[in-house]
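The primary structure of each chain is shown beneath.
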Amino acid sequence: MSDVNGFIFDIQRFSVHDGPGIRTTIFFKGCSNSCGWCHNPESIVHDPQLQYYKNRCINCGKCVNACPYGCHLIVDGLHVFNRENCEKCGLCVKVCHSNALMLSGKSVTVEYVMNEILADIEYYRQSNGGVTLSGGEPVLQYRFCKEILKRCKDIGLHTIIQTAGNYDYACLKGLLPFTDLVMYDIKAYSERIYNRHIHGDKDTIFGNLTRLSSENLPIIVRTPVIGGVNDDEREIQLIVEHLQRLKNINNYILLPYHDLADVKYEALGLSRDHNYFTPDTAKIEALREMVLKGDK
Amino acid sequence: MTVNTFDERIKAIRKTKLEFNDIKISRLGSYNFDDHGWIPFEKPIEFEIVKEAQSGLTTGMEAVSKTFANYLDAHPVYMHPESAFAGAWAGNVPGIGDPWQIEHRLEEHEPLFRKYNITSRGLYAMNHSAPDINIGLKLGFRGILDKIRFYRDFNRPADTSFYDGEERLVEALIRFIGRHAKHAGELAILQENEYIRKNLLELACINEKLMTSPPDTLREAMQLICWFQVIDRMYFNGGAGQQLDELLRPYYEADIKAGRITDDEEVIWYVASLLFNDTHYYQIGGQSSTDGHDLTSKLSFLILEGMHRLNIPSNIALRVHSGMDDELLDKAVKYLFEDGTGVCYSCSKGLDEGFMKNGFPAALARLRAKVGCNWTALPGIEYALQDVTRVCLAQPMLLALDEMIESDEENSMSNLLKRYEIHLSKAVSIIKDGVDWHVKYKHLNKPEMVLNLFSHGAIERGVDVSCGGVDIYNFACDGTALATVADSLGAIEKYVVCEKSISWEMLRQILKQNWEDFEDIRLMFKDTERYGSGNSKADYYAKLIADMFTAIMSYTPTKGGYRVLPGIFSHGDVYKHGENLQATPNGRFKGDPISHSADPDPGFLPGGGTAPTAKANAVARVQSGYGNSTPLQVDMDSLLVKDIGGREIVKAYIRAHNEMGGTLININVVSRDKLIEAHENPDKYPDLVVRVTGYSAFFKSLSKEYRQQVVDRWLTAK
Numbered sequence: 001m002s003d004v005n006g007f008i009f010d011i012q013r014f015s016v017h018d019g020p021g022i023r024t025t026i027f028f029k030g031c032s033n034s035c036g037w038c039h040n041p042e043s044i045v046h047d048p049q050l051q052y053y054k055n056r057c058i059n060c061g062k063c064v065n066a067c068p069y070g071c072h073l074i075v076d077g078l079h080v081f082n083r084e085n086c087e088k089c090g091l092c093v094k095v096c097h098s099n100a101l102m103l104s105g106k107s108v109t110v111e112y113v114m115n116e117i118l119a120d121i122e123y124y125r126q127s128n129g130g131v132t133l134s135g136g137e138p139v140l141q142y143r144f145c146k147e148i149l150k151r152c153k154d155i156g157l158h159t160i161i162q163t164a165g166n167y168d169y170a171c172l173k174g175l176l177p178f179t180d181l182v183m184y185d186i187k188a189y190s191e192r193i194y195n196r197h198i199h200g201d202k203d204t205i206f207g208n209l210t211r212l213s214s215e216n217l218p219i220i221v222r223t224p225v226i227g228g229v230n231d232d233e234r235e236i237q238l239i240v241e242h243l244q245r246l247k248n249i250n251n252y253i254l255l256p257y258h259d260l261a262d263v264k265y266e267a268l269g270l271s272r273d274h275n276y277f278t279p280d281t282a283k284i285e286a287l288r289e290m291v292l293k294g295d296k
Numbered sequence: 001m002t003v004n005t006f007d008e009r010i011k012a013i014r015k016t017k018l019e020f021n022d023i024k025i026s027r028l029g030s031y032n033f034d035d036h037g038w039i040p041f042e043k044p045i046e047f048e049i050v051k052e053a054q055s056g057l058t059t060g061m062e063a064v065s066k067t068f069a070n071y072l073d074a075h076p077v078y079m080h081p082e083s084a085f086a087g088a089w090a091g092n093v094p095g096i097g098d099p100w101q102i103e104h105r106l107e108e109h110e111p112l113f114r115k116y117n118i119t120s121r122g123l124y125a126m127n128h129s130a131p132d133i134n135i136g137l138k139l140g141f142r143g144i145l146d147k148i149r150f151y152r153d154f155n156r157p158a159d160t161s162f163y164d165g166e167e168r169l170v171e172a173l174i175r176f177i178g179r180h181a182k183h184a185g186e187l188a189i190l191q192e193n194e195y196i197r198k199n200l201l202e203l204a205c206i207n208e209k210l211m212t213s214p215p216d217t218l219r220e221a222m223q224l225i226c227w228f229q230v231i232d233r234m235y236f237n238g239g240a241g242q243q244l245d246e247l248l249r250p251y252y253e254a255d256i257k258a259g260r261i262t263d264d265e266e267v268i269w270y271v272a273s274l275l276f277n278d279t280h281y282y283q284i285g286g287q288s289s290t291d292g293h294d295l296t297s298k299l300s301f302l303i304l305e306g307m308h309r310l311n312i313p314s315n316i317a318l319r320v321h322s323g324m325d326d327e328l329l330d331k332a333v334k335y336l337f338e339d340g341t342g343v344c345y346s347c348s349k350g351l352d353e354g355f356m357k358n359g360f361p362a363a364l365a366r367l368r369a370k371v372g373c374n375w376t377a378l379p380g381i382e383y384a385l386q387d388v389t390r391v392c393l394a395q396p397m398l399l400a401l402d403e404m405i406e407s408d409e410e411n412s413m414s415n416l417l418k419r420y421e422i423h424l425s426k427a428v429s430i431i432k433d434g435v436d437w438h439v440k441y442k443h444l445n446k447p448e449m450v451l452n453l454f455s456h457g458a459i460e461r462g463v464d465v466s467c468g469g470v471d472i473y474n475f476a477c478d479g480t481a482l483a484t485v486a487d488s489l490g491a492i493e494k495y496v497v498c499e500k501s502i503s504w505e506m507l508r509q510i511l512k513q514n515w516e517d518f519e520d521i522r523l524m525f526k527d528t529e530r531y532g533s534g535n536s537k538a539d540y541y542a543k544l545i546a547d548m549f550t551a552i553m554s555y556t557p558t559k560g561g562y563r564v565l566p567g568i569f570s571h572g573d574v575y576k577h578g579e580n581l582q583a584t585p586n587g588r589f590k591g592d593p594i595s596h597s598a599d600p601d602p603g604f605l606p607g608g609g610t611a612p613t614a615k616a617n618a619v620a621r622v623q624s625g626y627g628n629s630t631p632l633q634v635d636m637d638s639l640l641v642k643d644i645g646g647r648e649i650v651k652a653y654i655r656a657h658n659e660m661g662g663t664l665i666n667i668n669v670v671s672r673d674k675l676i677e678a679h680e681n682p683d684k685y686p687d688l689v690v691r692v693t694g695y696s697a698f699f700k701s702l703s704k705e706y707r708q709q710v711v712d713r714w715l716t717a718k
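As given, the protein sequences belong to chains R and F, one line each in that order. Going by the numbering used here, the final residue of the first sequence carries number 296, and the count climbs one at a time with no gaps. Going by the numbering used here, the final residue of the second sequence carries number 718, and the count climbs one at a time with no gaps.
Same shape as in the complex, but just chain R:
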C-alpha cells in the first residue's frame, strides 16, 4: 500500500477525448504554466480553491454561520461572498446544499484513485481504453503518478500522460516505463506568446519534447488554437517544422479554443480580461490542411 497522496480536482469517467477508447481521466491540481486561455482554471493552482456559483445560491445564509472568518454575509436578503479572508477550510461548502459553494481540490490516496479506475475496467477492455493522467500538470506530482501508473500496468491497462512539459525532465523520465502514450502540449512557438500568455519556459518545454522523442514512446502533440494569439499559419508552421525534426511523433492535433470556461473563472473569483476567441471553422480547417500537407 502506497503512502503517497495526490492532489486532484476531478476524476472523469467515460472520457472519450483523452486517448483511445473509453478512459478514466485523473485531473491533477497544480500547473507549471499559467495559460491565459486555460479551460480548467482550477487546475493551475495546487492549493484548494473555493468556487462560488452565484446562480445556484438560494440565499439561505447557512454559510454565514458556518464560516469562522466572516467571509459570507446576507445583505438585504442576498448572499455576499468576500473572498479576501477565505482560508479554504471548506466549512461553508459542507453546509451549502445547493452546491453554490464548492471546494476544488482534494487529497487522495492511490487506493482511492485505483478504486475509481477499476470500476470501469470492463469498458477499457472492450474499447481498448484505459487511464489518462491530466490536469493541471500531472508530472509535478510524479511520485503519485508513478504509483498510479505502476498499478495500472500491473493489471494491463493502457496508460497516457497528458503533459505540457515545463519541469525537470527527470520527473517525466521516471514515469515512462509505465506509460504507453504521451500527449504533449505545445501551445506556441514564438517567445512572445510564452512571455505574454503562457508564463512557462519555452526552452524547457521544447527541450523536454526533444528528449522524450528519443525514448521510443509514441507521442501525440497537441496545440490549442487561440484566436488572436497563435491562430496564424506562420505560428503553426513553425511548430510543424520543429516536429518534423523529431522522432516518434505519431500525430499532431489542433484543438480550437472555447469560452465555456468563463463561468469557472467567475466562480473562482478570477478576473479575466482577454481577447481570446474561437477561430472560425474555415480558419481551423485551413490550418489542419496545412498540417496535413506538412505531414506528407
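Please keep in mind that the hints were generated in silico from the structure rather than gathered at the bench. Among the hints, a few may not be true.
Derived lysine-lysine pairs resembling DSS-like cross-links, with alpha carbons at most 30 Å apart [what the hints assert, rightly or not]:
1) Lys-494(F) - Lys-54(R)
2) Lys-543(F) - Lys-559(F)
3) Lys-283(R) - Lys-247(R)
4) Lys-88(R) - Lys-494(F)
5) Lys-88(R) - Lys-526(F)
6) Lys-543(F) - Lys-106(R)
7) Lys-426(F) - Lys-526(F)
8) Lys-62(R) - Lys-494(F)
9) Lys-494(F) - Lys-357(F)
10) Lys-500(F) - Lys-106(R)
11) Lys-115(F) - Lys-94(R)
12) Lys-106(R) - Lys-674(F)
13) Lys-54(R) - Lys-526(F)
14) Lys-576(F) - Lys-590(F)
15) Lys-500(F) - Lys-94(R)
16) Lys-62(R) - Lys-543(F)
17) Lys-88(R) - Lys-106(R)
18) Lys-94(R) - Lys-543(F)
19) Lys-54(R) - Lys-590(F)
20) Lys-94(R) - Lys-494(F)
21) Lys-590(F) - Lys-115(F)
22) Lys-590(F) - Lys-264(R)
23) Lys-674(F) - Lys-54(R)
24) Lys-62(R) - Lys-94(R)
25) Lys-293(R) - Lys-202(R)
26) Lys-115(F) - Lys-494(F)
27) Lys-512(F) - Lys-62(R)
28) Lys-500(F) - Lys-54(R)
29) Lys-674(F) - Lys-264(R)
Since chain R is already given, all that's left is putting chain F on it; use the hints.
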C-alpha cells in the same frame, strides 16, 4: 410512365406517416405511448357492440368475439398506393374495454392496491406474451380456421364457445382480407399510373391467395404478418412480434433462389411497408437454440436498413451476445448516430443466464425473444404477462417510516428496513394473489383471442393461453422507483441517524408537509451521495432493496404455484407512478415523478454530472437475475461521441454492459441543443424520434411532462 424507385416509395409512405402523426396530435393533444400504426380515419366506425346477457358487459368469448367480428366487418379498407402491403387499423376495438364481470373482480384487494400505490396490477391485463407467427405462416388463415374446426370436432367440448369465438374471429379476418383484395382490384381498374396499378393488382392477388392458402413468397408472408399486426393491435394493443429475420429468412432465400427477388431494395421497401402498417416489437440477431451459433443473416441487415430508411419510431431490438456479428452491431450503431435513435440492445448474457436459473435449458433461454418494451418471452409456448405489473418500491418505505415512528420501538435504520420488508412482502403477495385470480377468471372475461391462434396448445386443447393453453407460465412483476428509495434511505441514514441533523419525527412531519417551509432541509436531503456514484450508502441500499425485491418475488411461487419473475422497469410512467406518492426523503415533492426504472436519478455524480459507465455499472449491479429485464437508459450528447471512433466506443459500451450481466440498453444520441430546441418548439423538429424508454416515439407527440423527462436526462450529462 415514371416508376418510383423503392426508396421514393419509402419516402412517400414516410411522408404519409408524418401527416398522420400531425392528425393524431391534433385529435389527442399528445400521446405518451409508443407510436402505433393506427390510421386516423375521418369517420368513426359504426358497428354493433355485443353485450353478455347476464352482466350487460362485453365480456366472455361470445360477446367479445362477436363485437370484434362486427368491428372487422365495419372497418374501412386501407391501402397506401406506395406501400407493399394492404391493410391498416383505426384503433382498439371499441366497446371491449368493459371491466370484468363483477363476480370476477378482485375487489377485496383494491384497498391494498391503493395502499401500496400499485397502479399497474397485472390482473385484468391483456396479451404481453409472445406469439409464434410461424403458425400463421405455415397454415395460413384458412389453415388456422381448419385447425379450429378440426379440434372443435375432435375435443367435443360441451361448451363450444371457445372454438366458436376463434372461428368467428378468423372468418371475419378472412372477410376483411377479401374486402381489401376486392378493393385493390377495383382501384387497379381505375388507376392510370401503370406502376401503381401493378402494385394494386399484386396486392389484390396476394390477398386473394391469403384468404385460402398460406404464403409462399416473402411478400405474401409479410402481408400475412401485416394482418396479424392489425388484429393484434386492434385487440387491446397487442404489440409483440418475434425474431423477424429468422421468421422471414426461409421466404427470402426461396425468393432469391427462384429469381423472384433480384434487388434487395425491394426487400427494404417491404420492411418499411411492414413498419408503416405497424411498429410491432421485433428482434433481429440472436443465437440458434441448437448450438448457440449467431443467427445474423442478410435479412438482419435488410430489416435494419428498412427501419433506418423509414425513420419513424420503430421497436426493433438487436440481440447482443459475445459471438454476435460485429458488422450488424456496427451498422446499428451507425444508424443510431445518424437517426438519433434506432434499435434497442437486448443483452443475452444477463437474460439467458438469468432465465436458466429458473430451471430452463440454454436452448430455451436463447429462444426467448425480445418482443416488448423491456421484455422477452418464448414464442407461442409461454404465457408471460410481461410489463403490466409493477410494485412501487418507495411506498413501503413511507408506510414503514410512519409505522415505526408511531410505534414504541426504537427508531433506527434496521427497524425501518424490517418494516419495509414486511410491507414489500405484503405488496408482492397481493400481486401474486392477482396472478392466481387472473389465471382463474381472465378467460371468462377477455380471452386472448389473437394469442390463442398463434400459440402451441390453445386450439389443440380448447383452452385459453392464460389458463392452460400453453405449457410454460412465467409471470412478471417490475419494481419501480429504485433510485427514489435508495437515495431516500441514504439520506435518512446520513442526516437522521449519523449526523442527527433532524429527528425521525421531524422528518415525517416535513414529508407530510411536502417540504413546505423546509426548502433548506429538502436541499440538504437531496444533496447526499447518490445511487450510481459508486460505494455510497445509496448504492448499498439500491442493491439491498433490489435483492430484497428479487428474493421476495422469486423465491416462492403464488399460492396457485405460478412463478413470478422480477425485473425493475417503470416504462415511461414515472409521472403516473409518482402522482399518488407523497414526498420522499430524497428531496422529491409529493406528486413529482419517481425515478426511472433502475437508472440513477439525473445528476447522480458528485458535482451533478452523469457518466454513462457509472450509470451502466449501477444498473448492472441491481439486475434481478432471473431472466427479466432491468433496462439501462442512456442519452448521449452527439458531441460527446462522434465519427468512427465514437461508434467503436458505443459498441464497446454495449458489449461491456452485456458482459457485466445487463439485460437491455436503450440509447439516444442527439445533440443537446437540438433536444432543448425541440422541447421549446416541438414543431421545429416534427420527425425527431427519441427512445422514451423501452419504446420510441415522435418527440413532438409526447406531452410536455414526458418531453421534460427526456430533456432532464440530457441536461445533467457531463
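Restraint check for Lys-674(F) with Lys-54(R), where alpha carbons must lie at most 30 Å apart: Distance of about 27 Å is within 30 Å: holds.
Measure nothing beyond the straight line between the CA atoms of Lys-494(F) and Lys-54(R); if it is 30 Å or shorter, mark the hint as holding. 27 Å, holds
Just to be careful, I want the Cα atoms of Lys-62(R) and Lys-94(R) compared with a cutoff of 30 Å; is the pair within it? 10 Å, holds
Check the hint pairing Lys-88(R) with Lys-494(F) against an upper bound of 30 Å on the C-alpha distance. With Cα atoms ~24 Å apart, Lys-88(R) and Lys-494(F) stay inside 30 Å; holds.
Would the hint linking Lys-94(R) and Lys-543(F) be met if the CA-CA limit is 30 Å? 27 Å, holds
CA of Lys-88(R) to CA of Lys-106(R), is that 30 Å or under? 11 Å, holds
Would the pair Lys-500(F) and Lys-106(R) pass a check requiring their Cα atoms to be no farther apart than 30 Å? 26 Å, holds
For the pair supplied as a hint, Lys-590(F) and Lys-115(F), confirm whether the alpha-carbon distance does not exceed 30 Å. 16 Å, holds
Is it true that the CA of Lys-494(F) sits at most 30 Å from the CA of Lys-357(F)? It is violated: about 37 Å lies between the C-alpha atoms, which goes past 30 Å.
Hinted pair, alpha-carbon criterion (30 Å max): Lys-500(F), Lys-94(R). Please report holds or violated. It holds: about 15 Å lies between the C-alpha atoms, which stays within 30 Å.
For a C-alpha distance cap of 30 Å, please report whether Lys-674(F) and Lys-264(R) respect it. At roughly 25 Å apart (the allowed maximum being 30 Å), Lys-264(R) and Lys-674(F) satisfy the hint.
Given pair status - Lys-54(R), Lys-500(F), alpha carbons within 30 Å: With Cα atoms ~29 Å apart, Lys-500(F) and Lys-54(R) stay inside 30 Å; holds.
Hints 9, 11, 12, 16 and 22 from the earlier list are contradicted by this structure; the remaining hints agree with it.
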